[in-house]
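The listed protein sequences derive, respectively, from chains A and B.
All the letters of the first sequence, read from the start, carry residue numbers 1 to 850 under the working numbering.
All the letters of the second sequence, read from the start, carry residue numbers 1001 to 1633 under the working numbering.
These aren't lab readings, by the way, just hints derived from the structure by calculation.
Where hints are given, some of them may not hold.
[Stated by the list, open to error] Chain B stretches covered by chain A per the calculated footprint, using a threshold of three residues with CB under 8 Å from any CB of chain A:
(1) 1089–1098
(2) 1216–1222
(3) 1508–1515
(4) 1588–1600
[Stated by the list, open to error] With a straight-line cut-off of 20 Å between C-alpha atoms, the simulated EDC-like cross-links for lysine to aspartate or glutamate are:
(5) B:1593 with A:674
(6) A:72 with B:1450
(7) B:1260 with B:1321
(8) A:316 with A:359
(9) A:72 with B:1512
(10) A:708 with A:734
(11) A:250 with A:223
(12) A:701 with A:667
(13) B:1593 with A:334
(14) B:1429 with A:129
(15) A:99 with B:1341
(16) A:524 with A:571
(17) A:316 with A:334
(18) A:784 with A:830
(19) B:1511 with A:129
(20) B:1521 with A:75
(21) B:1511 with B:1560
(22) B:1429 with A:94
(23) A:404 with A:297
(24) B:1260 with B:1341
(25) A:16 with B:1321
(26) B:1511 with A:90
(27) A:72 with A:94
(28) B:1593 with A:90
(29) A:99 with B:1560
In this text, a Cβ means the ideal position worked out from N, Cα and C, and glycines have one as well.
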Amino acid sequence: MPALINGCGTRYAGRKNLTVRYGACKSCGRHGALSSYDTRLCLTLLFIPLLPVAGKHIIDECASCRRHYVMKLREWETRRQLDISGGLEDFRQDPSVEKGMAAHAAMVGFREMEQAETLRRQLESMFPDSTRLQLYLASVDREHGQPDRADAAVERAFRLSPELPETRFAMAGAHRRAGRLDEARKLIDLLEQPGAGALHPLSELELLAYAFQNASRHQPAYDLLRHLVRELPGVAQHPGFRKNMRKSEKALGFGVTAMPKRDRSLKTLMADKNSRKYVLVGLAAVLIAGGMVIRNEYTRRHRTVTLVNGWKSPVKISVDGGPAVTVAPGKIEEVTVREGNHRAEVSGAVTEGIDFQVETGYAERWSKSPAFVLNPGGAVPLEFVKATYSASSPVPDFAYAIGKRFSRYDDIDYLFRDLPQTVSVKRSQSKTLTGLTIAREEPGDLLAYVAGREGIPAALNAAETVLTLTPENEDALAAYRSFVRNDADQKRVLGFLEKGLALRPVPVRGFRAWQDLHLTRVEKEAALNTCQDLLRAEPENADLLYLTGRAMPEETEAVPLYEKARRLAPENPWPAFALGYLKMEQGRWPEARDLLAKADALLPGDGRFSSTLAEVRLGCGEGADMARELAKADRYDAGAQFLRLRALAAAGDREQGETVRKKILEDLTSQRVDADVTRSISNHWFYMSGQFEELAKRIRKDQTPSGKAARVWLDLQNGDLPAAALSIKAAHEDDNPLVHMALWVAAGLAAHEEEAAGNQETVVADLKETGGSGMKAADLILKKTDITLEELEDIYLEPVQKALLCAGLIPSHPGQREFLATQARLYNADLRFPAALVTKAIGGTSVPPP
Amino acid sequence: MTRTAFEALVRKIEIPALRRPALLRLSTVAGYAGFLFVLLAVQALGFSIALGALLDTKKDSAPMGGIGVLILVFGNAWILRLLWVGLSAPEGVAVTAAAAPRLMAEIARLRAAVGARPVFRVLLTPDCNAGVCEVPRFAFIGWPKNYLILGLPVMDELTPDEFRAVLAHEFAHLSRRHGRSGGWIYRLRRTWERVFEKWETGPASRGLARRSVRGWVRWWWPRFNARAFVLSRLCEYEADRAAARLTAPAHVAAGLLRIKVLAALINGPAHRLLLQKAAADAVPMPDYTAFLRRQRVSPEWREEAARAARDAWLIPTRNQDTHPSLTDRARSVGAVLETADIPEPVPVSAAREFLGVELDRFRAEIDALWIRENAAFWQARHTAAAGLNRLADSIGTRSRGGNAELLWEEARTLASLHGPAAAVPVLEKILALNPGHPGANLAMGGHLLETGDPERGESCLETAMAADPQTLHAAAGRLHDHYRRTGQAGRLQALDARLDTEEATRTAAEKERGHVTASDKFIPHTLTEEECAGLRALFDAAPGLAAVDLGQKLLRHRPDQRLFVLCLHGQGGFAGWGGADKAAAALRHLTPKVRLPGRLLMVAAGGPLAAIARKVARLPKARLWSEPERKAQ
């Protein structure tokens, strides 16, 4: 049959040579008009027939269900004419009743009713005594919805051969339809004889029984039905027959049925048209259900546990005493276990026992793909991603598991595989996929995630796991230190880091972190004593020399140790770095540059070294070179690109800087970098390039942290001290010693003596608290006499602090203005805040000449 | 495959098979290969999908697993259904060692001598047969239960020695030499037969795969069947030789002859007598075995037995039955028998010898069994006979007027009631009225062949076949029986060849006459001028007709029949527009009016069959009528 989907497809168009007859549809069984006609099968678009494909002849299209037979029009036309003419030719050659009936049947079959009628009259006149002809005509009439004419033909046949069984059956049928049931029964009494079923069809007997039943004459109906059961025992298995017989039995008040017990075999059920579909559906359902149960059980017994190894050497894992599976570093293996409680014994890089439970819900075994990950020592950070693919492309959800020995995830589509970049879905739909991979983020970010999600204790645990694996990870160390909230935390962190002091080679970064956690003077002295004790034990250890020097309260005492260490181990970067740093603090940029370059070369990739070297190079006036070098850096590396901007600002290339800024913003925005980062970069650029009006315009309504910080810079730059006080508070910069110094300088610049004095006290207090060079700087601020170059060089503060110090000393030492301005300019190499303030204080331009 | 081709194939296989039967057995067992291939294919497909889905941890693999399980379940069910050969356990009166010790002892002795497998049960039946029946426990795979079936009428007919020969023959079938493979091959052949019938009788296959399978089955089945056939026949010869070794060749041959004679008597006069008795009595005969014994000694039956014995020696070996002819079997065991010998009733039968004092009890049980088996048919026959008698009277009264159809119905009724001989007078009346009446010729021919007038009988059957193709197989069957009975092997082969040709010609002719396309070859029509004039008169009255062409399709098969193609050209307007519609209207107008001496296809030029019209128009003298000519006249 032709079919249309949304108005497109094929359909019949047009009707020619329509003939209609009334009869029962072969498909739905309903009595009604059955149409036959010629038509064309057309390709159709939006219900409009466009292109005729083929001519068709439709046969007996049911008015109810539309089902029909179809033939090619050419074939129909050819067969119709040839069969009819062939039948007539056969009849012409042999004018027997058989040939006549065959020709007539051909005409009726091809719906040539006019010709058939003519031939019928001819046959009736030629064979007036033919019983078979009359019976045949009766069947044709009945088939074509002419029951009266059929009954008349049957009567004629009966008159001709009243003893012929076929005529008796036909006549009985006519009586039955007319309601003359007793007469009908008399006519077919031969069917009620024993053994009649072997010779004659008993269908008329069955129909007569039902007719009796419908007339509420249950006794004869019951007798006939019982006879049918005797003759054809199989009929008693037919549900419809049983139902009818039971109906008569009930009406007659028979408590016990005369029918044999129903055979409920599959064969019988399948033989019954009504129950067959239910049996098939049931069978299919049972099979599917059985298959699903088998699959569920199989899944329960075959759960896959993924083994990962984040250690630097292989680990062996044995689950429930089974054979040990060796997992190479960075590799993944699998073991299959049943659902339930298990214990894994880990040996190799780490030795531990892990109890874990593999369990899922019954229904989840069909619908979900859970992941179970055994992670010895929690060494592998795991990243769970849930990504929704849709037209709007929302940001995926991430979750991390750091330091967990065993992790369970409910449903993972991509286990240790990357999620696809794109998935095809309809515009209005979305698809969600989940994935589990090894986290690639920096340890610091991951630990911050754990701290925010699971709290500080979990974060400390995770950090200790990470540091056990990578004790020198600066990022993790910084995060670990940042988790210290109270004495207990500090004690724990110090205890953990102290374990590393005994390690050789010395974990310098961990040692430094340990030193940095000693904040008070007493603590620092204790740390110094520890260092000295260690150094006494190993006086030639360059690392310990460096670290002891670092613990010294006076930089001058540290320098010999650094130099000794450098002599002993020229390849050790730390002494060079320490010496270079001191030179930088003294404003000896070229010497600092050489030392720091050496340190950077010895330990490439260390962010601390490279950032300090970059600052020193700016101090050396290499801004233009740096900008050129950084043009090749990763365009999406925000740090490198910001340094490029700093270099361009230092080189005074404002035009190029503006272009680069825009490009950076574009690149970083495309990577969905946090908007505050991009805003902060822009604010720094406008500050460094002296575009204060533009900066003011941009931050007017900006309440983000970067905007608030920039507000502080502008207020201080403009000398608006009350506003600056408010903006400092808003930006939570109250405790920042650098801001205090900047405020001191700004107050001096604005000639606010009282405020300057108050700020000076704050700055002095800040500097004294740091001890060492801070004390010397505080003394210098309070000194009334002239300041010498030696005094300034003896103070080891960061260049920006020293620039502010020099600028702040100008009001109290007006006679040394030129000297102090020169010194301030020397240290004011980095044009970030508060470089412009320093410049303003010493009376220069905000942008240095190239 | 045609009969002749099958015959040739059997001959081709038979000659080398006689030298190396093991090779033939091996090649026949290869019949399992087809089933094994399907079986393995279903398992491979189902298991690969189901296991693949089970082993895959993805959540969307559950439906695939279900599909795999469904393929396995329904595929295997389909194969089982295909392979299932419905062999139910035979029914009969069980014989035990306690009831018939001599029979069971003889059976044990012969079984041991032949080396046959044990018999599960020995059954006595009322049939004219003796044989072993294997009922497999597991479909065609095997592990059968062996039943030894002994017809009591056979035991009554044979001497003890002849019966021993029969038993030895049957046990040879169960022997280790060819018993197991023989049984397997038998079941395999039955299975393939079912498959073949299913594909052959099913609806026409449309898909390429189904058509390919059907084609393959059609090709494979006769080839396998020929090998299985030859193998079965070899088994028969081997069993005969084994029986001859254990008893004597003469006993083997004599036993075979007696069984053939008995079968002819039961199927012939006994059957007719029973039909008459069923028509007369409402209750089945109580003593069937006694009836057979009584009739066996009657002069009529002795005469029939003599005729049957003569025929038995004449019947040649044919490929319709795996059992060779009596002559060939006797020759194969080296028996020398006088073909003029007529088997007389034996004084001491095998039944008396082996069943002893329990014989009467067994007879009573066999009679009861025969009544159980035939009661329904007996009653039905009795009922029908009453109706037929009334019908015969009724028709007989009316048919006196000479109506051939009524006479034919009377003849059929009389034949049903009293046998073909009773209908002969009526058949003669019919043939006098209509000498070509196919039914009457068929019935008369069959009767004449039976009653010893073969020339006239053959003539009648030829007339029937010529008059009505539907009677071809029935008439050929009667001729076949006659030639076989009279040992006319040459004419049997000729008849087979004729049937093959006839069937092929008929199929081809049906196909040829059922279609007309533009690719057919057409020839100028062969109507007479008078017939043409009649047609022209019809066309003169037809509206909108411009011209009419007439041609004939060239028929290669049955060229005596004609197929006319009449092409109607309508009167077109500007540039011929509307001509096709007018031609179609004229076609509808003329369809019930035009009658030609043959099949006729009327084609409207410009209609769906316009290509045919164009081709016919190019024939010489095709133009039968045209409007300008009519106007000119």
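Would you pick out the hints that fail for this structure and give their numbers low to high? 1, 2, 5, 6, 8, 12, 13, 15, 16, 18, 19, 23, 25, 27
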